[in-house]
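One-letter residues, chain by chain:
Protein chains: 2
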Amino acid sequence: MRKGVRVFAPASVANVACGFDLLGFAIDGPGDEIIARESEQPGLVISRISGDNGCLPKEIGKNTAGVAASALVHHLGQEETGIELEIIKKMPFGSGLGSSAASAAAAVVAVNELLGRPLSRQELLPFAVTGEQAADGAYHADNVAPALLGGMILIRDNLLLDWYRVPIPRGLIALVVHPEITILTKDAREIIRDTVSLQQHTEQSGNLATLILGLAQSNFEMIRKSLKDVIIEPQRARLIPYFEEMQQLAISTGALGCSISGAGPSIFALYSNSVQAESGGKQITQLLENQAIESQMFISAINLKGTFVY
Amino acid sequence: MRKGVRVFAPASVANVACGFDLLGFAIDGPGDEIIARESEQPGLVISRISGDNGCLPKEIGKNTAGVAASALVHHLGQEETGIELEIIKKMPFGSGLGSSAASAAAAVVAVNELLGRPLSRQELLPFAVTGEQAADGAYHADNVAPALLGGMILIRDNLLLDWYRVPIPRGLIALVVHPEITILTKDAREIIRDTVSLQQHTEQSGNLATLILGLAQSNFEMIRKSLKDVIIEPQRARLIPYFEEMQQLAISTGALGCSISGAGPSIFALYSNSVQAESGGKQITQLLENQAIESQMFISAINLKGTFVY
Chain A
1 MRKGVRVFAP ASVANVACGF DLLGFAIDGP GDEIIARESE QPGLVISRIS
51 GDNGCLPKEI GKNTAGVAAS ALVHHLGQEE TGIELEIIKK MPFGSGLGSS
101 AASAAAAVVA VNELLGRPLS RQELLPFAVT GEQAADGAYH ADNVAPALLG
151 GMILIRDNLL LDWYRVPIPR GLIALVVHPE ITILTKDARE IIRDTVSLQQ
201 HTEQSGNLAT LILGLAQSNF EMIRKSLKDV IIEPQRARLI PYFEEMQQLA
251 ISTGALGCSI SGAGPSIFAL YSNSVQAESG GKQITQLLEN QAIESQMFIS
301 AINLKGTFVY
Chain B
311 MRKGVRVFAP ASVANVACGF DLLGFAIDGP GDEIIARESE QPGLVISRIS
361 GDNGCLPKEI GKNTAGVAAS ALVHHLGQEE TGIELEIIKK MPFGSGLGSS
411 AASAAAAVVA VNELLGRPLS RQELLPFAVT GEQAADGAYH ADNVAPALLG
461 GMILIRDNLL LDWYRVPIPR GLIALVVHPE ITILTKDARE IIRDTVSLQQ
511 HTEQSGNLAT LILGLAQSNF EMIRKSLKDV IIEPQRARLI PYFEEMQQLA
561 ISTGALGCSI SGAGPSIFAL YSNSVQAESG GKQITQLLEN QAIESQMFIS
611 AINLKGTFVY
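Those sequence lines, one after another, are chains A and B. Here the first sequence stands for residues 1 to 310, numbered as in our numbering. Here the second sequence stands for residues 311 to 620, numbered as in our numbering.
Don't read these hints as lab results, they were simulated from the structure. A hint or two may mislead.
In silico contact screen, one side only, chain A against chain B (beta carbon under 10 Å); selected entries [as the list claims (entries may be wrong)]: (1) Asp-21; (2) Leu-23; (3) Tyr-139; (4) Ile-155; (5) Asp-157; (6) Val-166; (7) Ile-168; (8) Arg-170; (9) Ser-197; (10) Leu-198; (11) Thr-202; (12) Gly-206; (13) Asn-207.
Pairwise CB distance ranges (calculated) [what the hints assert, rightly or not]: (14) Gln-286(A) to Leu-549(B): 55 to 61 Å; (15) Leu-549(B) to Gln-248(A): 43 to 49 Å; (16) Arg-358(B) to Ser-218(A): 46 to 52 Å; (17) Cys-55(A) to Pro-479(B): 48 to 54 Å; (18) Ile-502(B) to Gly-171(A): 38 to 44 Å; (19) Asp-194(A) to Asn-583(B): 38 to 44 Å; (20) Ile-478(B) to Lys-282(A): 42 to 48 Å.
Simulated pairs of lysine to aspartate or glutamate, EDC-like, Cα-Cα distance not exceeding 20 Å [as the list claims (entries may be wrong)]: (21) Lys-228(A) to Asp-472(B); (22) Lys-538(B) to Asp-162(A); (23) Lys-372(B) to Glu-350(B); (24) Lys-538(B) to Asp-157(A); (25) Lys-3(A) to Glu-40(A).
Note that CB positions come from ideal geometry on N, CA and C, so glycine has one too.
Using the sequences plus the hints, can you model the full thing?
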């Protein structure tokens, strides 16, 4: 029987309000699965993709998981090894939940595992980021790093992939609501102005610094004061129907803060307990339902595990 | 005999590379002294100023210490109480060492003490900031807060005066070199562009977040990687002769980072030990001496005490 490994990589929330391109965390679900199997034909192929409604290309060089796996295989000098990838999409793309990052993370872990685990989990990061880059054009790790490594990750420098784990206060709970409308990350990037005022910079930086210190010191009041986005959210919110109303519902149910997850349309909120998060999630999905917008909600502690092998 | 109190407020380093208008720390010296004495004449007066080469106005409404003290006296409803202030400037203004902040901090502590300490140290902050505002036009606390309260302080919001103590790793040493040339804070502010690129914003924010986490976790390597200013320093450095050379000497003697102290012309560097800081300080002052620029150097742990009553 041919050897095979099955891997799960979780969804992730990038930006985290004041941490545009710098901060991201993983949640428990949803996520993507990838199965890597030995093959008699030399080279890397994608044998099957499911759950994508036929949208994703099987061509290695055009597929996020394919590009990531291919970069890894090339680095390891294993281009001639026969590997088949089966991609099982269990989360929507263009949702702001790091779908392509999950596929990229799952791909590198699956291939690394199949080849006898030559690299550590951390060493896999650049290859996964390369895959993510194929999907949205930018080389940044704020989804890939948490999807791969778990937890909340601060990326000081996306080019150098200089990253740090941010401590997570006990009891911190994430609510994520995904309204079923589609925004492509590329489009969401394009509407963002490439300059900010010095005043906005200072305000956003002060909030990010306070958020990091608040997380490190388990100080929920600091998190509440600082979990805000004065730069990106005002520009992207108009792409998301009822964003202000959803944010208002999150805050009124006790959320520490609420903003756009990645490039949207999903939103996230952080809470200090799951009872309030449940209440917020129900009210927000109800609001969307009243407007005839289907949605899914996810409530989860910060996922500390990241990508795992079944 | 009339009652009197004598107070010392230390110099401080604001901005701290990537924390423009947000971060500051106090050093042990130099600093300003203020003596507050009961007076038979009702009202607040400045009876004497020394060490200022006759540059500072005695008029309450035009003097940093006067404005700060006056705001406090007004808040306490003690306008009719006779108080004489004697200001002993022991540090140069326009040095980037928070000279006006030290005078403002010393003034409010001295007056508060003379009046029987009606307010806590923290409650004095807004009055001291009001005094500082008189000196440089901007309402910000990144010098005043550390001068008054000691330590390293993150000001999330200058308008709300929402501030937090940043943990200080054991062994952290500050070198400050003051070249004897004058830059007025107002001028140094005026040359700063009021927009930044989104890329600069992200880079600077990532560094600030890493600096805060590195300080909180006593991780000197994180501090070394992040103690940089890609926004303000490139604009202000040209006001400071030999800035790049001084910075280079600091780095080559092992500094974790080196940038402009406040609006300059003083520079600061942080080190993980005092031996390297001494070496850096000597080389930098020697460089300035070779160029016929007088300078003073100060080597100090972060001053945790702030303003104190003798």
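So, going through the hints one by one against the coordinates:
Interface restraint check for Asp-21(A): the shortest CB-CB distance to chain B comes to about 5 Å, inside 10 Å, so the restraint holds. At its closest, the beta carbon of Leu-23(A) sits 8 Å from a beta carbon of chain B; the interface hint therefore holds under the 10 Å criterion. Look at Tyr-139(A): its Cβ only gets to about 13 Å from chain B, farther than 10 Å, so that hint breaks. Checking Ile-155(A) against chain B by beta carbon gives a least distance of about 7 Å; that is within 10 Å, so the hint holds.
With a cut of 10 Å, the hint placing Asp-157(A) at the interface with chain B holds, because the nearest CB-to-CB distance is about 6 Å. With 10 Å as the threshold, the beta carbon of Val-166(A) comes within range of chain B, its nearest partner Cβ sitting at about 7 Å, so the hint holds. Because the closest C-beta pair between Ile-168(A) and chain B is about 13 Å apart, greater than 10 Å, the hint is violated. At about 17 Å, the closest approach between the beta carbon of Arg-170(A) and any beta carbon in chain B exceeds 10 Å, and the interface hint on this residue is violated.
At its closest, the beta carbon of Ser-197(A) sits 6 Å from a beta carbon of chain B; the interface hint therefore holds under the 10 Å criterion. Contact between Leu-198(A) and chain B, as hinted, is supported at the beta carbon level, the nearest pair being about 5 Å apart and thus within 10 Å. With a least beta-carbon distance of about 5 Å to chain B, the hint placing Thr-202(A) at the interface is held under the 10 Å criterion. A cut of 10 Å between beta carbons decides the hint on Gly-206(A): the least distance to chain B is about 5 Å, and the hint holds.
Among the interface hints, the one on Asn-207(A) holds; its C-beta lies about 7 Å from the nearest C-beta in chain B, closer than the 10 Å criterion. A C-beta distance of roughly 58 Å is found between Gln-286(A) and Leu-549(B), which places it inside the suggested range of 55 to 61 Å. Checked against the hint of 43 to 49 Å, the pair Leu-549(B) and Gln-248(A) passes, with Cβ atoms roughly 47 Å apart. The beta-carbon spacing between Arg-358(B) and Ser-218(A), approximately 50 Å, falls within the hinted interval of 46 to 52 Å.
At about 50 Å, the beta-carbon gap between Cys-55(A) and Pro-479(B) stays in the expected band of 48 to 54 Å. About 41 Å separates the C-beta atoms of Ile-502(B) and Gly-171(A), a value consistent with the hinted range of 38 to 44 Å. Distance hint for Asp-194(A) and Asn-583(B): a CB-CB separation of about 42 Å, consistent with the stated range 38 to 44 Å. Distance hint check: the CB atoms of Ile-478(B) and Lys-282(A) are about 45 Å apart, consistent with the given range 42 to 48 Å.
Between Lys-228(A) and Asp-472(B), the direct Cα distance comes to roughly 15 Å. Compliance with the 20 Å bound is thereby established for this hinted pair. Taken as a hint, the Lys-538(B) and Asp-162(A) pair is honoured in the structure, with Cα atoms around 15 Å apart against an allowance of 20 Å. For a cut-off of 20 Å, the pair hint linking Lys-372(B) to Glu-350(B) is broken: about 23 Å separates their Cα positions. Of the supplied pair hints, the one linking Lys-538(B) and Asp-157(A) holds, its CA atoms being roughly 13 Å apart against a limit of 20 Å.
Pair hint Lys-3(A) plus Glu-40(A) holds up; C-alpha atoms about 11 Å apart against a cutoff of 20 Å.
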